[in-house]
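From first to last, the protein sequence lines stand for chains A and B. All residue numbers for the first sequence refer to full-length UniProt numbering, where the first residue is 1 and numbers rise by one. All residue numbers for the second sequence refer to full-length UniProt numbering, where the first residue is 1 and numbers rise by one.
Derived from the structure by calculation, the hints contain no laboratory data. Note that the coordinates shown come from a computational prediction; the quantities given were computed from them, not determined experimentally. Mixed in with the good hints there might be a few duds.
[Unchecked claim] From chain A, some residues computed to sit far from chain B (all C-beta separations above 10 angstroms): (1) 4; (2) 13; (3) 36; (4) 38; (5) 74; (6) 92; (7) 115; (8) 133; (9) 147; (10) 148.
[Unchecked claim] Computed, partial: chain B to chain A, Cβ under 8 angstroms: (11) 21; (12) 24; (13) 38; (14) 51; (15) 59; (16) 68; (17) 85; (18) 95.
Even glycine gets a Cβ: it sits at the ideal position worked out from N, Cα and C.
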Amino acid sequence: MTLDRTFVGRVYRDERYYEVGREKIREFAEAVGDPHPAFTDPAAAQALGRPDVIAPPTFPIVLSMRAESAAVLDPRLGFDFSRVVHREQRFAYARPVRAGDRLTVTVTITRADTVGGNDLVEFDSEIRTTGGELVCTTTTSLVSRAPGDETETP
Amino acid sequence: MTSATTRPARPGPRHAEVTAGLALPARTFTVTRADLVRYAAASGDFNPIHWNERIARAVGLPDVIGHGMLTMGLAIRAVTDWAGDPGAVVEYGTRFLRPVVVPDDDLGVEATVSGRVAAVLPEPRVRVDLDVRVGADKVLGRTRAVVALEG
């Protein structure tokens, strides 16, 4: 597979929104082992000044990963997903994701590069409400490891 | 993964009380294969390297490895428990240095998280740097969170 570097700058946007549900937040909070009541109890969230239960800080990955998969799995990009590991992840929050949010994701490919035989692809994803309010920006770096480079993340 | 009792709202430190170098309470957490299955379902990340040993080895990994995002999600609790509000995180980022190998047993793998205040930023923000290890090995690198504290 050969990585197509001309994909840098491409934008992927799915017009369908993701509606954040309380039970989805509960499920995610349980999966990261965090019992904070603001994830499950609306009254506890309101005591912290939030209109409804909030999601754990890494929850936006559920949306960004789903949106980025459209690019990652595009065969024309030439990125071998079977050898992918996560290299770097960043979040910048305007506010926590909360139950009832209807969110869309706009993905931009910011890097497509081969370094030391390993293919790197990076994305910026902007998560906004359907009303246009910015909630979170995520930055993701994935590496598809060349055979022979087995343990250390480049 | 350990559980904790519920806490009162926002019991955390105030911005004015915090100084650079302050150590946050260290945490340890355990990840088992069952935790990986639970995280896969909750996150939608069904990459088989996180649950299928045959496929993990076929792509050159030593065994099934944990989701980097699970480690990242577990580690931030060192910050949010200290700050008292999981919604107070303004920025959070990390590099994934080494895979967290999760053995096929009931014990799983234990990771330790320690943190310290790296910088007191203009009110209400502070930057916390985290150190996340399995045994002596750092599994995350440049792990930094910015949180907004009470004024």
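*Numbers of the earlier hints that this structure fails to satisfy, in rising order*: 3, 4, 6, 9, 10, 11, 12, 14
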